[in-house]
Amino acid sequence: MLLSDAPPVRTQRLQAALRMVGPEGVVTGREAMWLHGLPLPPMGAIHLLVPDRGPQRTDGSVTVERTHRPPDPLWRKGFATAPLARATVDACRRTPTFGEVRILVLEAVHRGGVSLDAVHDELARGSTRGTTLLRQVLGDIDRGIRLAGGRIARELVERAGLPPPQWGARLSTPDDVHLGLVDAWWDDIAMAWDADIHRPWAPRTEHTVSTRAARLTAHGVVSVHTTPGRIRDDTAAVVDELRGAYRLASARPRPEVVAS
33 MLLSDAPPVR TQRLQAALRM VGPEGVVTGR EAMWLHGLPL PPMGAIHLLV PDRGPQRTDG
93 SVTVERTHRP PDPLWRKGFA TAPLARATVD ACRRTPTFGE VRILVLEAVH RGGVSLDAVH
153 DELARGSTRG TTLLRQVLGD IDRGIRLAGG RIARELVERA GLPPPQWGAR LSTPDDVHLG
213 LVDAWWDDIA MAWDADIHRP WAPRTEHTVS TRAARLTAHG VVSVHTTPGR IRDDTAAVVD
273 ELRGAYRLAS ARPRPEVVAS
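Going by the numbering used here, the sequence shown opens with residue 33, and the numbers climb by one from there.
Ranges of calculated distance between the beta carbons of each label pair, as one might list FRET restraints:
hint : residue 1 : residue 2 : range
1    : Q44       : T267      : 48 to 54 Å
2    : F130      : Q44       : 30 to 36 Å
3    : D207      : D174      : 31 to 37 Å
Since the hints were derived computationally from the structure, they do not count as laboratory data.
Backbone N, C-alpha and C define an ideal beta-carbon position, used for all residues, glycine too.
Just need the whole structure built from these sequences, with the hints factored in.
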């Protein structure tokens with residue numbers, strides 16, 4: 033209950049909304065992004081999540097959504113708050129324009145520190161309702177990242193003084209046993225380079241990298257793996273590694289590996 037005629041402050045509105053749904057309510061959407069520290073002005077109804085059995089309500093001030101996948105809440109400014117990736121996806125589901133959705137995603141990534149991989153994962157696990165614009169925005173961002181990563185990779189190959197490789201190759205044995213997809217392939221010496229160009233927001237795990245490298249090595253391929261961060265921040269060392277791998281691959285007989 034407010035004791036003055038002044039409009040309720042943002043935290044008071046959140047407190048009032050949560051009182052309607054009880055202790056299992058979790059703040060999500062724009063308000064949750066704000067609770068995570070992002071400078072987003074209030075817009076539209078406060079979005080709360082409750083378990084499937086909880087109350088449901090939608091009006092101009094509060095949207096209470098039942099979910100079979102309630103998040104483990106984080107406490108932000110004294111409120112049970114959805115993790116930032118979940119809050120971002122929920123906010124985007126209720127945002128009407130491509131430009132506004134893009135702003136929300138970029139705010140979450142650049143200011144909030146959430147990874148694009150986390151947003152992709154949350155999108156894949158949740159409802160598809162209202163996600164068309166978000167999928168378009170992520171596709172647009174992904175294409176930009178891939179183009180930038182491919183351009184930098186080409187520049188590093190040129191700096192290393194190596195001949196142009198085949199970009200994007202599927203490797204297999206002569207009897208068509210699949211060995212893997214690689215970003216760059218020098219066919220005459222059977223050398224591969226992986227730089228996570230196609231998914232730089234979700235580089236391969238150490239286990240995946242080591243397993244993949246062991247499989248390629250077992251078939252005689254000289255393989256180099258570089259994380260997107262090293263391509264950006266440690267270019268001189270990456271150039272030296274490419275040169276060294278090229279010399280090593282050139283000094284041994286070419287194994288029987290097929291690229292397509």
